[in-house]
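Chains as they are written, first to last, in numbering that gives the first Met the number 0: chain A, 0 to 225; chain B, 0 to 170.
If you are wondering where the hints come from, they were derived from the structure by calculation, not from laboratory data. Glycine included, C-beta positions come from ideal geometry on N, C-alpha and C. Misleading hints may appear alongside valid ones.
Within a straight-line C-alpha distance of at most 25 Å, the following computed DMTMM-like cross-link-like pairs (lysine to aspartate or glutamate) qualify [unchecked claim]:
{"id": "1", "chain 1": "A", "residue 1": "K165", "chain 2": "A", "residue 2": "E149"}
{"id": "2", "chain 1": "A", "residue 1": "K165", "chain 2": "B", "residue 2": "E138"}
{"id": "3", "chain 1": "A", "residue 1": "K77", "chain 2": "A", "residue 2": "E36"}
{"id": "4", "chain 1": "A", "residue 1": "K165", "chain 2": "A", "residue 2": "E217"}
{"id": "5", "chain 1": "A", "residue 1": "K165", "chain 2": "B", "residue 2": "D64"}
{"id": "6", "chain 1": "A", "residue 1": "K61", "chain 2": "A", "residue 2": "E72"}
Estimated spans, in silico, between C-beta atoms of each pair [said to hold, decoys possible]:
{"id": "7", "chain 1": "B", "residue 1": "R170", "chain 2": "A", "residue 2": "R89", "range": "38 to 46 Å"}
{"id": "8", "chain 1": "A", "residue 1": "E32", "chain 2": "B", "residue 2": "G20", "range": "20 to 28 Å"}
{"id": "9", "chain 1": "B", "residue 1": "Q23", "chain 2": "A", "residue 2": "L25", "range": "52 to 60 Å"}
{"id": "10", "chain 1": "A", "residue 1": "E163", "chain 2": "B", "residue 2": "R111", "range": "21 to 29 Å"}
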Amino acid sequence: MAAKRGDRRGGQLDELGPLPGGHHGLSREQILESQRERLLAAIAQEVAERGYRAVTITEVVKRASVSTRDFYEHFEGKEACFLAAFEAVRDHLEDVLVAAVAAELDWPHQVVAVLRAALEFFASEPDLARLCLVEPVSATPAIAIRFREEVLGCVPALARGRDEMKDGDSLPPSTEDSLLGGAISLATRSILAGETEQLSALLPNLVEFTLGPYLGAERAAAFAAG
Amino acid sequence: MGPRESTATQFSAATATLRSGLLQTARAELDRYHRRAEAARAGVDGWRPRLRVTAYALYRYLEEDDRRRLLLAELRTAGERSELLVGAEIEELADLIDEGRYGPEAPASLTRVTAEALGGAIFHELFLAAAREGSPPPESELVPMLMYAAVLPYAGAAAAAEELRIPPPPR
Chain A
0 MAAKRGDRRG GQLDELGPLP GGHHGLSREQ ILESQRERLL AAIAQEVAER GYRAVTITEV
60 VKRASVSTRD FYEHFEGKEA CFLAAFEAVR DHLEDVLVAA VAAELDWPHQ VVAVLRAALE
120 FFASEPDLAR LCLVEPVSAT PAIAIRFREE VLGCVPALAR GRDEMKDGDS LPPSTEDSLL
180 GGAISLATRS ILAGETEQLS ALLPNLVEFT LGPYLGAERA AAFAAG
Chain B
0 MGPRESTATQ FSAATATLRS GLLQTARAEL DRYHRRAEAA RAGVDGWRPR LRVTAYALYR
60 YLEEDDRRRL LLAELRTAGE RSELLVGAEI EELADLIDEG RYGPEAPASL TRVTAEALGG
120 AIFHELFLAA AREGSPPPES ELVPMLMYAA VLPYAGAAAA AEELRIPPPP R
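So here's chain B without its partners, still in its complex pose (with noise of 0.2 Å):
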């Protein structure tokens, strides 16, 4: 092996070494955020107060470290395993999405489809809010907005409308 291979070599193991460093963080990190999640929902009932108090728990968890929202960033540019760790965290949030299916008002035609694209548009919205310079919107602003958007298909627009007036839960 000539000195400029073994050059190649040594950089790519490091990458190699920084990217999955990468990954190990970003799981501790999201262990961390489920943990919090979890007991955001502990005795809260109804499929809307669960997902609410989820979606202001993911915000908050982001929002208390700089250095949470930039691993979010980084997480979504750090190659395909990481691609696969996020659509992990999409298909949790699409199952506590999904179980507006099973409401009153939820449509027949819907199907867990639904779910998965609003768990991506959830998660497409609070990467933007994390990759912004500067502080995210605040979460009176963007939290109801988001879930505006899970509400509405399951039930209809005005459960949803109702959604931009609810204050955020205490801390």
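Bound conformation, chain A alone (with noise of 0.2 Å):
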């Protein structure tokens, strides 16, 4: 889980125990925080398990070692302390995103280089793989628009593709929707399938698919070869 303020990992859920009974000299916040980030992993762990439909708060407080109490401190119930383990995630691949494109300096480089760290990323983390492109369609009506609003915040940065293009605006309004969709689809197939540590796999099929329309099939195949 990317617990961005304890800036911990997703693979490190597992470490992410209770804290020390007695007097172990934690302030108010800290605690605070360490029950936060353990309930965050907590529905990670269980909605990769079960399905967001199935889980329990119960599930969830008891894997988290937190009482059901503390967890009605923390969010009003499961669909916002999902909401909240999502928002963790996307703000840790933001962090990831960002660092992969740093290096590149032009947009088909940076594409694929965000393609590469997203697949790898949910490639070694299948739990959050399936909380952030499985879950969020099928669980509640409030988080699949949450889901959607993401999607369509990373149309602007596909749209930079149209500059590529000696006429940009031929391609209908739909192309970034079509194309997120699409990877977006395959991705989770993948992960339904039980392959979710090959999603890396995809990766040169993705770059000639999302490149194309903007660099020909030539030029999106050359990529895809790189």
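Both chains come to you apart, so use the hints to assemble them.
Here it is in structure tokens:
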């Protein structure tokens, strides 16, 4: 889990244990932060194992070693907890992607770097891949809308590809939406097929698919092969 | 079993029954759409025309009854089994799109994965149109854009742009 404030990665979720009992010398703020991180980690793991709909708050608090009363100190309910976890991962992934593009000077290489980094991230974090890509569309309407907003947030970065073309306006306005939908659908199906750890193998195809409308088939294929 | 556990068990069983009912309804509806799409493709030659009539058949099938649009929207939010059902639909659409690889202008570098991504993209767009409140965008607007995206990797920009100008087939 990308519990950003604690700077912990998803693979380290299992290391988040309950605080020691008795006089541990931690401030109220530190205790709350630790509880919140454990709850976010717990819901990510529970959702990965059972799917959003089957998860109960009882199981989340048990896994997080937090009382139900404390759960409600942090979140209004399961949906709010899930959304907080989703947003924490989103923040962390954003940092990963920003770092990935930093060294790339042009748009096509930036797209390749983003796709590579995102696939590697999700391949190494199967629980978070489910949390971010599979569950949001099948959880609740509010979560689906939040997911949709995130996807739409990627459109401007992709639409910069139109500047690479002589006539960028010739592309239909839905092009970026279709590309993102296709990429997400492909990743989601790999995850559902139990192939999350092989997500990186999708890179050449996704590069060609994503760059094709802007650069043409030949150049896109060259980047994919690159 | 205490009263609280009993209620929880009953609730869980009722939810499972509802979900199973939704899946059965969805399967029956999808079969109906398949028959409609097969009828639309009958006698139509060529990859692009076949894909086009299929896309219009799907759009029209969803458009003519609000309940079907709601069903599609609900199906996406009914858990993993329904996701698998949607996945099978994407796979079937991908089969049709993938025929584009055997066209004369298709780059040799394309693989089946491109068709799967495009199939997913088309479902994604239709899902959004279905989930949107009010009327979906008109077929003459949405379907040509989806066809543009589907044709572009296989037949190039000129053929894809042509799709934006081709009027809908008669109903």
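Hint check:
no.: 1; hint: A:K165 - A:E149; verdict: violated (29 Å)
no.: 2; hint: A:K165 - B:E138; verdict: violated (29 Å)
no.: 3; hint: A:K77 - A:E36; verdict: holds (15 Å)
no.: 4; hint: A:K165 - A:E217; verdict: holds (16 Å)
no.: 5; hint: A:K165 - B:D64; verdict: violated (42 Å)
no.: 6; hint: A:K61 - A:E72; verdict: holds (16 Å)
no.: 7; hint: B:R170 - A:R89: 38 to 46 Å; verdict: holds (43 Å)
no.: 8; hint: A:E32 - B:G20: 20 to 28 Å; verdict: violated (44 Å)
no.: 9; hint: B:Q23 - A:L25: 52 to 60 Å; verdict: holds (53 Å)
no.: 10; hint: A:E163 - B:R111: 21 to 29 Å; verdict: holds (27 Å)
Of the numbered hints given earlier, the model fails hints 1, 2, 5, 8; all others are met.
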